[in-house]
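Build the complex from these two chains, which are given one at a time in their own frames, with help from the hints.
Taken in order, these protein sequences are the chains called A and B.
Note that this note's numbering gives residue 275 to position 275 of the first sequence, counting from 1, and the numbers run on in steps of one.
So this note's numbering is basically just the index in the second sequence, starting at one, shifted up by 1000.
Incorrect hints may appear among the rest.
25 Å max Cα-Cα, derived DSS-like pairs, lysine-lysine [unchecked claim]:
hint: 1; chain 1: A; residue 1: 362; chain 2: A; residue 2: 242
hint: 2; chain 1: B; residue 1: 1044; chain 2: A; residue 2: 258
hint: 3; chain 1: A; residue 1: 257; chain 2: B; residue 2: 1044
hint: 4; chain 1: B; residue 1: 1113; chain 2: A; residue 2: 258
hint: 5; chain 1: B; residue 1: 1059; chain 2: A; residue 2: 192
hint: 6; chain 1: B; residue 1: 1151; chain 2: B; residue 2: 1117
hint: 7; chain 1: B; residue 1: 1180; chain 2: B; residue 2: 1160
Listed next, the stretches of chain B that the computed footprint assigns to chain A, with coverage defined by at least 3 CB atoms under 8 Å from CB atoms of chain A [unchecked claim]:
hint: 8; region: 1051-1060
hint: 9; region: 1148-1157
Derived by calculation from the structure, the hints in this document are not laboratory data.
Using N, Cα and C, we set each Cβ at its ideal position, and we do this for glycine too.
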Amino acid sequence: MAKLILAYNFKDYQKAIAYAQNAAAYQHAVWRTQEKVVIGDASNQTQFINDSYLENYQPRSIVCTPLIDRGHLSGVIYLENNLTVDAFTAQKLEMVSLLSGLAAIAIDNARLYNSLEQKVIERTQELSEALENLQATQKQLIESEKMAALGNLVAGVAHEINTPVGNSITAASTLAEETQSFATAVNTGQLKRSNLNSYLDLATEASEIILNNLQRAGELIQSFKQVAVDGTSLEKRTFNLKSYLSEILLTLEPQLKKTPHQVTVTGDETITINSYPGAFAQIITNFITNSLTHAYPTNQAGLLQIDVQQQSEQIIIEYQDDGCGIAEQHLNNIFEPFFTTNRENGGSGLGMHIVYNLVVQKLKETIQVKSQLNLGTIFIMTFPINVSV
Amino acid sequence: MKNQNLATDLSDDNDELVFSDEEELIIDEDVVANEENLKDNSWKILIVDDDNSVHQTTKLALRNLEFEDKGITFLSAYSGNEAKTIIANNPDLAFILLDVVMETDNSGLELVKYIRKELNNQLVRIILRTGQPGEAPEESVITDYDINDYKLKVELTRNKLIVSAIAALRAYRDLLAIEKSRQEMATLYNALATVKDNL
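Just chain B, with the same shape it has in the complex (with noise of 0.2 Å):
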């Protein structure tokens, strides 16, 4: 669609709209160029539900969110087991938002369990939403549970869920640096084993 170039008026006499200046045809090209961008070097999260909407709807609420300069990529499940399969594909995920009750009362606190215990993934924050509160009740569930946030659904306004998707980043970041440092470590170590061997 066309722009026209029209100048700023700040007094609303007038009934047209008035846009500031931009350069319109570079700016889509940024754009795209941004989306490309972001999609190679993006934070991958994984949204669990059996509820289309709620999918819908956090993708809407998170759509702009940037953290260090990337973006955020969504992937999607609807049930544990779906999630069981993405999660084994993705080792790289930062961080899931998952619902409790799916095809079955917990499918989501097993799928925890899972992720922790089988797949031995201990990066990636679990965020539990859940819309019963009878099913899965804060205190036990996060003593019990491996998992890194708990929330109510219907206490999820979008600061909330980007104040908590933040964090599980920034918590993310820093466990994959550490982990980055342990792996320097062993490999150090390693090379130093095998000079002290040869010597």
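If we strip away everything but chain A, and leave its shape as in the complex, we get (with noise of 0.2 Å):
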């Protein structure tokens, strides 16, 4: 309860400070029932006997009145002159009213403005860490799209691995067994030239199945230890363009095999850069991603480009796909985080932002896209060959 003390003159005042912090009687009682007390003689009045201050400072007449602003009492006025008894005329209570009145509104106003302050600086605080919050789950959550997307790469290589590598086992087995019958027939003189060709033909059959598919294997995991590894680690090296293009499509035959759609890779073969060949893998992989989900009607058979060319000191990397294209509207929207015109299937929104953080960011190039309804949509990303990043 704040507390308004309107002293006389400077000893008053004192006297004031003094007592301030014991409620009087009458202080109470105003407070008590928001009722003006007025007393014209302190010495005579007999509702507040006994108050020790009224017997240690014997003031002569006081007038104590409620602030109340708008039905809210928010403090007291207490007044006492110890000179003269009803010193408080009419006229003056008058003036006392007023201002009371006065003060009721300023005193709840100063409150309000106070607590609004702090309002303020609690909510900037709780707006402050949701906002941390947020950013730090959407990097979680890009982290885990691309864990998901390097899960699935692991898991449609691991099958294609495992083909040619089964095949390679049969064939050599078979290889074997056949090898140890015709050892034996050859140490106790049975063998016949029948069983010579035979074996000949089977062995001849069974080392090129072994060849060609550990080379198949050998060849799958090279792709994708570079792609995956770069992946993660985004390493920066030297590497040729368009094979590492090519060698990026090799690490997408799983998905791309189930379905009807031509992939092709064109353009300067001579192109060598030093880059962070890890995020290309992640912008063409995305790339294409989104064509097979987004732009076809299943069945469609599509055509994906890839083309690499020089012009002067920029390389321009085109990424095309011939199918339903992008709405005008969306343009603008593709690299939003979160953006996603096809969520029930899935779409997560991001695939397009981290092309788009990995372009500008990591590789400090510039990225366009241009599409046609129906036509279809293609991604063009320059940037300068000698990028000193």
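As structure tokens, then:
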């Protein structure tokens, strides 16, 4: 409870401060009843007998009035005069009333303002924490999206490798057993020419199968390693652009094989750059995944083209498909995080955002997108050949 | 090519290869005759896989397999859809070596349902071969789908393949026998019913 104490002179002021902590009875009365107390002659009043303050300081006239603003009691004004009785005339009382009304409003506003400032500070704090949380979550989602993509890649590659390895095992074990029986036949002198020819045929075919399949497995592991390791470590190295793009396609074979679409890589074979191959892998994978998921109604066969060119000091990579295209009103939004028009089919809206971040932040390139409905979409990435990132 | 009938010589001092006696022409004829025989009287099996190497390797590993004096005739399908047609046209298939992942992630499993439910072929034995255990984990697959064996491609040495094949052929033979007696009994039952009606 705020206390407003008006002292008449300096001596009284000291007094006032001295007893300010002890609420006097009449102040309490006013607080309780919300009604003015006017005491003309304090020595003669009967309402507050035995109040120690009255006995010690013996004020003469007292007025104590509540500060009420909009029905709400926010304080009490206590005025005393210890020289004269009936000091507070009707006129003075009116002025006190007026002042008390204004004081009530002022005090209330001051309080409100104070608390308002406090509320704003708290709210700002909450908001900035929420923002931090959101940003952390966003980052996490992007990371898990990348991990999920990697997981898919691993599963696809595992299957692709298991088949040629399985074939090699079957063929090699066949060859081993036939060789065994052949060796027995030779050692016991039971060898017939027909056996020899038959064994030779088998050995030739088995060797061919083993060699082809293991080479296939080897190539796949090689490209997968490039793409996966590059993808997670984002290492910078020198590489031939066109061949690396082809390798990326090789690792996407498992998914592409199941679709009627065709993918081509064309362009300048001599371009070698020093950059982040993992970023390219992620970008191309996301482009292709998007084309496969969004651009074609089922069973329509599409053509996905990647082209690499050099123009003076710039390298230009173009990716295009001939699918259903992107609506004009969406073109500006596709790089925003969580923007997708296909959420029901599992689109997270993060693919293009990741691409954008990689292109702009990691590779320091520019990326443009053009599209026409039902004709297709093209992404153009441009970067200087001597990027000193 | 001309063979020379050379005497067997067990000492290997000389470099020349010596072959045991064989009557070449007769053997050749026999071989030809055998082949024809086998084709008419052989177990029919189907290889289903989208990878051509798998067909080639399987034929290589099983090429001399004989069971109860019958050889093997190989049929090939490279997709789930192609397989459906071939199986529908060949109700006497003994067993199918089936890949799981072909045009879709569970083409193979869908084919199993098709064979047992739509074609109602309960006789043919189905051996599932997979390159990717993640797509069709063993226990749930063998429980939920009416297949008769489940193998990972990388565990299939020729030996294991032959063992699986013989087991499948044996089971098929037994099922055929049961089916035959069932049909005989059905015929008998109908005959009896007719007789009873005529009484």
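Structure-based check of all given hints:
At roughly 20 Å between alpha-carbon atoms, residue 362 of chain A and residue 242 of chain A fall within 25 Å of each other, so this suggested pair holds. The straight-line distance between the Cα atoms of residue 1044 of chain B and residue 258 of chain A is roughly 29 Å, outside the 25 Å bound, and the hint therefore fails. Straight-line distance between C-alpha atoms of residue 257 of chain A and residue 1044 of chain B comes to about 29 Å, which puts the hinted pair past the 25 Å bound. Only pairs whose Cα atoms come within 25 Å are accepted, and residue 1113 of chain B paired with residue 258 of chain A is accepted, the gap being roughly 21 Å.
Simply put, residue 1059 of chain B and residue 192 of chain A have alpha-carbon atoms about 23 Å apart, close enough for the 25 Å limit, and the pair holds. A threshold of 25 Å between alpha carbons decides the hint, and for residue 1151 of chain B with residue 1117 of chain B the separation of about 23 Å falls inside it, so the pair holds. Only pairs whose Cα atoms come within 25 Å are accepted, and residue 1180 of chain B paired with residue 1160 of chain B is rejected, the gap being roughly 30 Å. Counting residues of the region 1051-1060 of chain B whose beta-carbon sits less than 8 Å from any beta-carbon of chain A gives 7, enough to reach three: the coverage restraint holds.
Figure legend: the region 1148-1157 of chain B, annotated as covered by chain A; annotation consistent (6 residues with Cβ-Cβ distances under 8 Å, at least 3 required).
Of the hints listed earlier, those the structure fails to meet are numbers 2, 3 and 7, in rising order.
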